[in-house]
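Chains A and B are the protein sequences, given in the same order. Final position of the first sequence in my numbering is 754; the numbers increase by one with none missing. Final position of the second sequence in my numbering is 501; the numbers increase by one with none missing.
Hints should not be assumed to be uniformly reliable.
[Unchecked claim] Which residues of chain B face chain A? A partial, calculated answer using Cβ under 7 Å: (1) VAL35; (2) GLU120; (3) LYS121; (4) ASN122; (5) ILE339; (6) GLU340; (7) TRP343; (8) ILE344; (9) THR346; (10) ASP347; (11) ALA348.
[As the list claims (entries may be wrong)] DSS-like, lysine-lysine: derived pairs with alpha carbons at most 27 Å apart: (12) B:LYS115 to A:LYS701; (13) B:LYS22 to A:LYS722; (14) A:LYS574 to B:LYS349; (15) A:LYS522 to B:LYS115.
The set of hints was computed from the structure by calculation and includes no laboratory data. The C-beta atom is built at its ideal place from N, Cα and C for all residues, glycine as well.
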Amino acid sequence: MKIVVCVSHVPDSAAKINIGADEKNIDKNGVSFILNPYDEFALEEALKIKDSIGADVVLVSVGGDEVKETIRKGLAMGADSGILLKTNAYRDSISTAKLIAEEIKLQGANLVFLGKQSIDGDNGVVGQLVAEILGFNSVSVAVSFNLNGDKIVAEREIEGGREVVETSLPAVITAQKGLNDPRYASLKGIMAAKKKVIDEKEVTVSEIGVELIKLKKPAQKQAGKILGKDSSAVPELVRLLKEEAKVI
Amino acid sequence: MIINSNKSQILDFLVDAANVKGDCDAVYFPKTAQEISEILIEANKKKTKVTIAGNGTGLTGGRVPQSGIVISMAKFNDFEIDESRKIAKVEAGVLLSEIKSKVEEKNLFYPPDPTENNCFLGGTIATNASGAKSFKYGPTRNFINSIEIVLPNGEIHKISRGEIFAVDGMLKIGDFQIKLPKIQMPKVKHAAGFYIKKDMDLIDLFIGSEGTLGIITEAEIRLIEKPENYFSAVLFFDDEVKSLEFVAEVREKSIRNRNFDDEINALAIEYFDFFALQFLKIEFPKIKNHHKAAVWVEQEINSANEEILTEKWLEIIEHFEADIENSWIATDAKTRREFQDFRHAVSWKISEYITRKNFRKVGTDTAVPNDKFVEFYNYSRSLVESQNIHFVAYGHFGNSHLHLNMLPENEVEFTKSKEIYKQICQKAVDFGGTISAEHGVGKLKREYFELMFSDEEIREMAKIKKLLDKNLILNFGNIFSERFFN
Numbered sequence: 507m508k509i510v511v512c513v514s515h516v517p518d519s520a521a522k523i524n525i526g527a528d529e530k531n532i533d534k535n536g537v538s539f540i541l542n543p544y545d546e547f548a549l550e551e552a553l554k555i556k557d558s559i560g561a562d563v564v565l566v567s568v569g570g571d572e573v574k575e576t577i578r579k580g581l582a583m584g585a586d587s588g589i590l591l592k593t594n595a596y597r598d599s600i601s602t603a604k605l606i607a608e609e610i611k612l613q614g615a616n617l618v619f620l621g622k623q624s625i626d627g628d629n630g631v632v633g634q635l636v637a638e639i640l641g642f643n644s645v646s647v648a649v650s651f652n653l654n655g656d657k658i659v660a661e662r663e664i665e666g667g668r669e670v671v672e673t674s675l676p677a678v679i680t681a682q683k684g685l686n687d688p689r690y691a692s693l694k695g696i697m698a699a700k701k702k703v704i705d706e707k708e709v710t711v712s713e714i715g716v717e718l719i720k721l722k723k724p725a726q727k728q729a730g731k732i733l734g735k736d737s738s739a740v741p742e743l744v745r746l747l748k749e750e751a752k753v754i
Numbered sequence: 016m017i018i019n020s021n022k023s024q025i026l027d028f029l030v031d032a033a034n035v036k037g038d039c040d041a042v043y044f045p046k047t048a049q050e051i052s053e054i055l056i057e058a059n060k061k062k063t064k065v066t067i068a069g070n071g072t073g074l075t076g077g078r079v080p081q082s083g084i085v086i087s088m089a090k091f092n093d094f095e096i097d098e099s100r101k102i103a104k105v106e107a108g109v110l111l112s113e114i115k116s117k118v119e120e121k122n123l124f125y126p127p128d129p130t131e132n133n134c135f136l137g138g139t140i141a142t143n144a145s146g147a148k149s150f151k152y153g154p155t156r157n158f159i160n161s162i163e164i165v166l167p168n169g170e171i172h173k174i175s176r177g178e179i180f181a182v183d184g185m186l187k188i189g190d191f192q193i194k195l196p197k198i199q200m201p202k203v204k205h206a207a208g209f210y211i212k213k214d215m216d217l218i219d220l221f222i223g224s225e226g227t228l229g230i231i232t233e234a235e236i237r238l239i240e241k242p243e244n245y246f247s248a249v250l251f252f253d254d255e256v257k258s259l260e261f262v263a264e265v266r267e268k269s270i271r272n273r274n275f276d277d278e279i280n281a282l283a284i285e286y287f288d289f290f291a292l293q294f295l296k297i298e299f300p301k302i303k304n305h306h307k308a309a310v311w312v313e314q315e316i317n318s319a320n321e322e323i324l325t326e327k328w329l330e331i332i333e334h335f336e337a338d339i340e341n342s343w344i345a346t347d348a349k350t351r352r353e354f355q356d357f358r359h360a361v362s363w364k365i366s367e368y369i370t371r372k373n374f375r376k377v378g379t380d381t382a383v384p385n386d387k388f389v390e391f392y393n394y395s396r397s398l399v400e401s402q403n404i405h406f407v408a409y410g411h412f413g414n415s416h417l418h419l420n421m422l423p424e425n426e427v428e429f430t431k432s433k434e435i436y437k438q439i440c441q442k443a444v445d446f447g448g449t450i451s452a453e454h455g456v457g458k459l460k461r462e463y464f465e466l467m468f469s470d471e472e473i474r475e476m477a478k479i480k481k482l483l484d485k486n487l488i489l490n491f492g493n494i495f496s497e498r499f500f501n
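Using the sequences provided together with the hints, build the complete structure.
Right under this line is the structure:
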C-alpha cells in the first residue's frame with residue numbers, strides 16, 4: 507500500500523512575523539521554519555498504518571530548495587521517501603492542489619493525508635481540492651481514523667461535538683490536532699533519513715485563480731487606559747463605554 | 016508614580032515561586048532611577064525597610080518582604096538592541112523571554128538561560144542566574160557589560176566592566192572604600208554570597224549580590240551570533256548507572272573539546288531521574304515504563320558539521336546503551352521548544368505540588384566538583400530514601416549541579432526533609448562544593464550559607480553591606496542573618 511503525505515514548510519509558530527520589502531512575502535530574516543504542525547498529525551497517522559500493516563509512505567511537498575529541510579524531518583520521523591515539486595513561483599490553493607494531485611496520480615497512491623491547513627497561508631482547502639481533482643473520497647478535520655481493508659471509519663470535529671463518518675479508499679484525509687500524538691524523530695531515523703532519497707521534480711505553476719496583492723499586518727492594539735484606582739473612576743468608565751466604545 | 020497599599024491588590028508581591036510568604040505596607044512602581052533614588056532617600060530618613068521585586072519567579076524568598084515597602088521593577092521596560100555592536104541596553108523589568116525572542120529576530124542570541132524565562136532581567140543579574148546552558152557559557156555575569164545601579168543611599172552609578180578593579184584588596188565606588196574579605200570561593204558553579212576575588216572588577220561585586228547592595232535599573236548585555244542549528248536530544252536509559260556514566264563521559268569530552276566544533280561539545284547536559292520521569296508521565300505519555308532515567312543534551316551545529324556530529328553522538332549514545340528507538344531528537348525549533356517545556360515541567364510541577372500541599376520548597380541547589388559528583392548524588396539519594404520520603408532528582412548535571420526535591424506529605428516529613436537538606440548541604444561543602452549554585456541564598460538558605468563560610472568570613476561580607484547601606488534598609492534579610500550586623 508502506498509500512502510502520500512503532503513507536508514508544508516512553514517514559519518515557526520513562535521516566530522515574530524514581519525512583512526518583506528516587496529509586501530508579498532514575509533521577511534525571513536531571523537525566522538526559523540518548521541514542518542507544518544497539522545502535517546505532523548497527518549504523517550503520524552500514515553506511520554501508524556505503516557507500523558501496523560505495512561505501507562510505503564511518500565512525502566510530497568511544493569516549493570523551493572529550502573523545503574528539503576522539512577522533507578528531511580518527515581523522513582527522520584519514518585517516511586520512506588520524499589518528492590519535492592520544485593518551484594519558486596507564487597501559488598494559490600488550486601494551483602498547489604493541481605500539482606499535488608498530478609503527483610499522487612503518478613505515485614498511484616490511494617490514501618492521502620494532509621494537515622487540515624498550513625499555518626502560513628491558512629486557506630485550509632488544499633486537501634479537499636486534491637480530493638475533488640482526483641475524484642477521491644474526502645474526510646476533513648479528522649480527529650480519529652480507522653482503516654479496515656478499504657473501509658474507513660473516521661471522526662470529524664464539528665461545532666460542539668464529533669461526527670462519525672464512513673467512507674472507503676481511495677480517500678484524502680485532512681488531520682486535525684487530537685488525531686494522534688506525533689512521534690519525535692529518533693537518532694536512527696535521522697541517520698537513516700540522510701540515506702533516503704528526495705526526488706526533485708521541476709514543475710510549472712498553472713494559471714492562478716487568486717492573486718496576492720499585498721500582505722498587511724493586523725492593526726496594532728491600542729494601549730489600555732487607566733482611568734483611576736477606585737470607584738470614583740466608574741462614571742468616566744461608563745461614559746467612555748457609552749460614547750467612545752459604544753458597547754453599552 | 017503608582018503606589019498601591021491595597022492589600023488585596025498586592026498579594027502577588029508577598030510570595031514567591033517557592034511559596035515563601037511575607038508582608039508589607041505598600042508597593043511602589045517607579046519608572047526611573049531618579050524616582051528610586053528619591054524613595055531610598057526617604058526610606059533612609061524613616062528607616063523603612065525596602066524590598067526589591069522582580070517577577071516573583073525566585074525560589075529563596077529574596078523578593079518577599081518582611082515589612083516596610085516593596086519597589087516593583089515592573090515599569091522599567093525600555094529595550095534597545097544595537098545589532099552591529101552585538102549589545103542591547105535593557106531596563107531591569109524586561110522579561111528574559113522577551114529579550115530572547117527580540118534578539119533572535121535579529122539573528123543574535125543571549126545565552127543565560129535559567130529554566131524559568133518569565134523573570135525580569137534585573138532579577139537574573141541580582142542573582143547571577145544560570146541554567147542549562149551555563150555548562151558551556153557560564154552564568155549571567157559573563158554577559159553583563161555594564162549596569163546602572165542605585166545605591167541604598169540614593170546615589171546613582173553606572174558601572175562598566177573593565178573600568179574599576181580592586182587594588183590591594185580595596186574597591187572604590189563613589190566615596191565608599193570597600194575592603195574585600197579574604198575568602199575562597201568554591202571552584203564550582205556558585206551563587207551563594209558575594210563574588211569575591213583578588214583584583215576583581217567592581218561590577219562583579221554587584222552581580223549576584225541579591226539586591227543587598229543596590230538596585231539595578233538597567234544593564235548593557237552582551238549578545239552573540241545566533242547558532243545556525245542545534246543537535247538536541249532527550250535520551251532515555253533503562254539502566255541508571257549507564258545514564259550517569261554517559262553524563263560523566265559527555266561532560267569530560269565537552270570540557271576537553273570546548274574549542275573544537277567537530278567534536279562532542281555539549282552546551283547543556285540535563286538529567287531526570289526515574290521519579291522525575293514518573294512525575295512527567297501524564298503530560299508526556301511518550302515516556303516508557305522501563306525508562307529509569309533521561310538525559311537531555313544539546314550542542315550547536317551547522318550544515319558543515321551536522322553529519323559528523325550526529326554520527327559521533329550516535330556512537331556515544333549507543334555505547335552507553337540509551338534506548339535509541341524511543342529517545343527523542345529535535346528536528347526543528349518547535350520540537351526543541353517542546354524539550355525545553357519538558358525540562359521546565361519538572362520544576363513547575365514541583366512548585367505546583369508544594370503550593371497545593373502548602374509547604375515550602377525543599378529542593379537542593381548544590382554543586383560539587385565533577386570528580387565527586389556521583390558519590391555525592393548517591394549519598395544524597397540514599398539519605399532521602401532511608402527516611403522514606405518521596406523525592407524527584409534532576410538538574411544541570413553538566414555542572415555537577417543537583418536539584419533534589421523532597422516531596423513531604425505532612426508536617427513530620429517536612430521537618431525531616433529540612434534536616435536531610437542540611438545534611439546534603441554539609442556534604443556538598445565537605446566535598447568543596449556550594450550550597451547554592453544558582454538560586455542564591457535569599458531568606459530561605461541563610462542557615463545553609465552559614466555552613467559554607469565561617470562566622471568571621473560572613474561578618475566580613477556583611478560589613479560591605481553595612482558600609483553601603485548604613486541603615487540596613489535594602490533587601491534586609493537576604494543572604495545575611497541579622498546577627499552578622501550586631
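Here's how the hints hold up against the structure:
no.	hint	result
1	VAL35	violated, 28 Å
2	GLU120	holds, 4 Å
3	LYS121	holds, 6 Å
4	ASN122	holds, 5 Å
5	ILE339	holds, 6 Å
6	GLU340	holds, 6 Å
7	TRP343	holds, 4 Å
8	ILE344	holds, 5 Å
9	THR346	holds, 4 Å
10	ASP347	holds, 4 Å
11	ALA348	holds, 4 Å
12	B:LYS115 to A:LYS701	violated, 35 Å
13	B:LYS22 to A:LYS722	violated, 45 Å
14	A:LYS574 to B:LYS349	holds, 17 Å
15	A:LYS522 to B:LYS115	holds, 12 Å
Consistency note: the structure conflicts with the earlier hints numbered 1, 12 and 13.
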